[in-house]
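Peer 1: Once you've looked at the hints, dock chain B against the given chain A.
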Amino acid sequence: MDVLLNDDERMIEESAREFLDGECSPKLVREMEEDPIGISRPLWEKAAELGWQGMCLPEKVGGSNMPLVFLGLVLREAGRALAPIPLHCTAVAALAIAHDGSEAQQQKYLPDVVTGKSVLTWAFTEKDPRFIAEAVHMTAREKGDNFVLNGSKLFVDSFLGADHCLVVARTTPRSKGGNGLSLFVVDAKSKGISHKTLITLAKDKQCQVDFKNVQVPKANVIGPVGGGWPIVERMLDRGAALLCAQMLGAARKDIEMAIEYAKFREAFGQPIGAFQSLQHNCADMQIWIDGGDLLTFEALWKLDQGQPASVEVSQAKSFCNEKCEAAVRQSQAIHGGIGFMMEFDLQLWFRRVSAWTMRMGTTYEHRARIARALIDVPGEVVLGRPLPAVLENAGAAVANA
Amino acid sequence: MDFAYTPQQEALRREVQQFIKENVTADVAEETNPESAMDRPRGQGPKAAALYKKIYERGWLGITYPKEYGGQGGDRLTQYIVEEEFTRVGIPVHLGGSGAPAIMAAGTEEQKQYYIPGLIKREISFCLGFTEPHAGADLANLRCSAVRDGDYYVINGQKMYTSAAHFSTHIYLMARTDRNAPKHEGISIFLFPMDTPGITVRPLWTIQNNPTAPDGTTYGNARTNETFFDDVRIPKSCLLGEENKGWRVGSMGLNLDRVGASRYLISVRRDEDIVNWVKSNSFNGFSPGKDPAIRDKIAELWIEAQVCRLMTMRSMSIVERGGKFSYEGSAEKVWAPEHGVRVTEAITQMLGPYGTLLRTSPHAIQDGVFGHNVMGSFQSGINHGSVQVMRDQVARRGLGLPSSRKSRRAEG
Chain A
1 MDVLLNDDER MIEESAREFL DGECSPKLVR EMEEDPIGIS RPLWEKAAEL
51 GWQGMCLPEK VGGSNMPLVF LGLVLREAGR ALAPIPLHCT AVAALAIAHD
101 GSEAQQQKYL PDVVTGKSVL TWAFTEKDPR FIAEAVHMTA REKGDNFVLN
151 GSKLFVDSFL GADHCLVVAR TTPRSKGGNG LSLFVVDAKS KGISHKTLIT
201 LAKDKQCQVD FKNVQVPKAN VIGPVGGGWP IVERMLDRGA ALLCAQMLGA
251 ARKDIEMAIE YAKFREAFGQ PIGAFQSLQH NCADMQIWID GGDLLTFEAL
301 WKLDQGQPAS VEVSQAKSFC NEKCEAAVRQ SQAIHGGIGF MMEFDLQLWF
351 RRVSAWTMRM GTTYEHRARI ARALIDVPGE VVLGRPLPAV LENAGAAVAN
401 A
Chain B
1001 MDFAYTPQQE ALRREVQQFI KENVTADVAE ETNPESAMDR PRGQGPKAAA
1051 LYKKIYERGW LGITYPKEYG GQGGDRLTQY IVEEEFTRVG IPVHLGGSGA
1101 PAIMAAGTEE QKQYYIPGLI KREISFCLGF TEPHAGADLA NLRCSAVRDG
1151 DYYVINGQKM YTSAAHFSTH IYLMARTDRN APKHEGISIF LFPMDTPGIT
1201 VRPLWTIQNN PTAPDGTTYG NARTNETFFD DVRIPKSCLL GEENKGWRVG
1251 SMGLNLDRVG ASRYLISVRR DEDIVNWVKS NSFNGFSPGK DPAIRDKIAE
1301 LWIEAQVCRL MTMRSMSIVE RGGKFSYEGS AEKVWAPEHG VRVTEAITQM
1351 LGPYGTLLRT SPHAIQDGVF GHNVMGSFQS GINHGSVQVM RDQVARRGLG
1401 LPSSRKSRRA EG
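In order, the protein sequences belong to chains A and B. When you line the first sequence up against my numbering, it's residues 1 to 401, in that order. When you line the second sequence up against my numbering, it's residues 1001 to 1412, in that order.
Just chain B, same shape as in the assembly:
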């Protein structure tokens, strides 16, 4: 066991912090702020693009990806350290949710050569076409179809919550290629450009819109989308992995998306915020930080946040040793999001009516992040595998508990 970073890793962290101090300047932040980022990914205006170029030149993008695909061939902890520092200032540098892990695992050489360097340099970005109106947690129930027509597939259907679809260059789409097969066995994954004819993106405004949430809010996105596919013709080379084997490919990507610095931080940022806030603030002489009940709660939450951190470290350790998760990634995906909710809700009861104030309101505390978090924190227990599905996985894969009669019949 070793619970410390090496001196080299500590030095790297300081180096990244120094870089951020020098380069993540107010004019760059202006491009990443919630208002201006409405119609493009945060951090992808011209100034932010220049920043990314610098970050790339420092070797801090695509750290864990092989050199022949534009990565650094580095380890996961290096990625973790760099990602943690940049995530804290609202500059995403990770490839979670990008489809990159699945492309590395299942892509053809040509696909890897085309997509991975582009994703790393952030010239290519994927939106994820998974969820449908009738397929959420039970994703395998999806209906969006891809029908083979010579050297092409023709896509028809609708995808929900395609966040970033309005500015992504490509889509990572899960579609049904065999209607007659059992539901998990007729699914395939396709990668294709968003400017392919027949794609319509319509905005869905979230409860975080108007006012938009401050940076660092858990699920602070003001906008997501629904995306329609109307006879969208794509070459058969867009298929990722084998036809009808997409379920397995999709899960590979997701499993790696559930762990890492950014997933960890979305659940614990408020712990730091509230401690730092009560240390130096009071309401007309009343200091919440001196209230015994609040102090006890803050300590309790802080401990939970440590467990989030340590579970992330456990996942890192498993991956670094080249092992596979049995249940550990799923366990982390239960504990951390639920902690995020607990801390968010506890803070509302520490701040009382101030907890209701949103960004731009008079008297808003820390830009209204605590109020916005009430609307967002529970989302992290839903997205990328709900906590209920994750508990199923812990129980069945981790503990070997049997499937119920009903689900055995359904899986049939």
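Chain A with its partners taken away, still in its complex shape:
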């Protein structure tokens, strides 16, 4: 038990920060907000030289096979710098392929990810924004050597820059039970795909992606046909935990800016940071972000150990959703009017942190998951000890009830 960074972890963090300090200025962030695609290719390629994309991918595809905690540290730094690169969505899709894809699929898609040549993304959400199997209506029908995809995905991250998209579709009709999903690697330029860019708080070019009779070879199914839901659950857990890391990096930087501002901005004859009400606000902000960090890295660490971590992921995400939002809102308040001005940089962090709190599971969804594991599974709970049953069983118990 040692929840502090060890030397290797510290080194990862420091080198990532140093790199981004040099390569990713708020100016670049602003430029990419205006850019129609929103991705800095030069930064993406330099990140690949540092090995970020391949960090947690197997050595056989050129990756470094490092723990997810390391990627969490890098994403925390990427969030800190608001780096306009599709690292999160590429990692989510690539890790699903690495964990659940065949040897051939790994060899086909992952080497280009490692070198920075390829951008991946993933598409689960449709109209119903919940992260449950029942929310997927998109269909995939078998036809010869292909599956034919029809439907519409929403909130697809970095789709405009993506080469491939991991798409979740229904291969078993809803009438035959909710979980008959499959995962497909789809070429983003496939015939029948069209998109609309959403205008978001973070101005991050998420898309609605429409699939009209899109042909996807059977060889592109990740995992068993109809057995996609457990793969998706693992993918979403990794994604939510990594998103927390990214959100925390940005929120930490955001509160640091507010604290620095409070040290020199004067009102009533003294720095505003000398007023106790503001000091206590700042103390709370620090405590919240620290708490989020601890929860998030425990979740990532448990994922690394191959232990059940769904509860830990949900703990992290629901806590970060509320506390990061509250922290960056308080930073805005500390800055007064200037924080509301487009030309002042703080808003870049505020808008992104806010947006990320709403992605990959709301506070209520995640808490409902925790409540199921706590309350619906028989047996005594003891803090700090594993729960009586892992969440998957809890989910099954509820589904069967």
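In case anyone wonders, no lab produced these hints; they're calculated from the structure. Don't take every hint at face value.
[To be verified] Computed footprint of chain A on chain B; a stretch qualifies when at least three of its residues, placed anywhere within it, have a C-beta under 8 angstroms from a C-beta of chain A: (1) 1265-1272; (2) 1308-1322; (3) 1331-1338; (4) 1392-1401.
[Unchecked claim] For each label pair, taking beta carbons as the anchor points, the in silico distance ranges come out as: (5) Y364(A) / I1382(B): 32 to 42 angstroms; (6) P1007(B) / E103(A): 31 to 41 angstroms; (7) G1400(B) / E14(A): 12 to 22 angstroms; (8) D35(A) / A1105(B): 53 to 63 angstroms; (9) S175(A) / A1026(B): 54 to 64 angstroms; (10) K1021(B) / N6(A): 34 to 44 angstroms.
Beta carbons: idealized from backbone N, C-alpha and C, even for Gly.
Peer 2: Below, chain B without anything else, positioned relative to chain A:
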């Protein structure tokens, strides 16, 4: 990063649990129950004393203290594991609040040799003489005086909330030795026996009295005391550390008292209680555990409790690496007590009128612990440094925010 206990640590935990099963029997518990413990520390009747002897023989007392002072020379996580298991059954095995950390840090060799082994074996116990009628959060404002008279000091004054003063063997007293110095620089610490002539202990009954609170209640003490010092003459060898340097010595002790298994558990026990209760209970067909609003709240609180645990682990990690707290101990002392209040108050709204029932009442749930907790949980945000003072420390030491004009003048 490593979020797991080692197999050896897991084995130790099982060993302690087994020991508790075999030795913390009903007749021992009888000595630690709230009614019988009114006039002595819980767990210090003859049977409990025998239990402590056994615990000591297993090497589970004074784990983090050096062997030459009767300790085990062990690490803080071992202490944490042992302390967590024993705290859960109401048997304190820690030395938080005992003065031991400060004696180790500032005591003379003679003082260490005398006090530490006694404290570890629980043959010596300190009550803390800090707070006064006019010195609470602003402790440095204290007036109780110690005047040098040859080889003696003469103590006069009054201390408040000297919990356990009626059964402690010794007192750990903070007194003013220089009236003319700035307030933080004229304070000294003294250690002396409670049977020294001139000491009067008077009970102060808390809102937890009649009925007394069940074990595990946050701040369930029915009694504390006020203690008066009337020309109490003590030898100058009772001084701990240097004269007039007591403020620093006192803070050393407190900083280590704020972290550890027992401080963590007083804030989170109700989280476990409510989850385990809603799992298997209902009111005539109504199951609070099936109510969506209650479920959401329970999950929210559970997450907060995890943050309490992880902040404790962070403090352990810092201490284990030989580091010092910048603000982390203070942060934990804000988050955990306030969580304790939030969980306590949320539960009252889950149980409704049942939340009002105290121990011994008909229909009381879990011995009335939830009702008693309403009266006690907020105390942990006050004692050992209020959450407001702790936030000051996070802001100033942790974040480097400046002192206000007013406090700069006051510190002058």
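Peer 1: Please name the hints from earlier in the document that this structure breaks, with their numbers sorted from lowest to highest.
Peer 2: none
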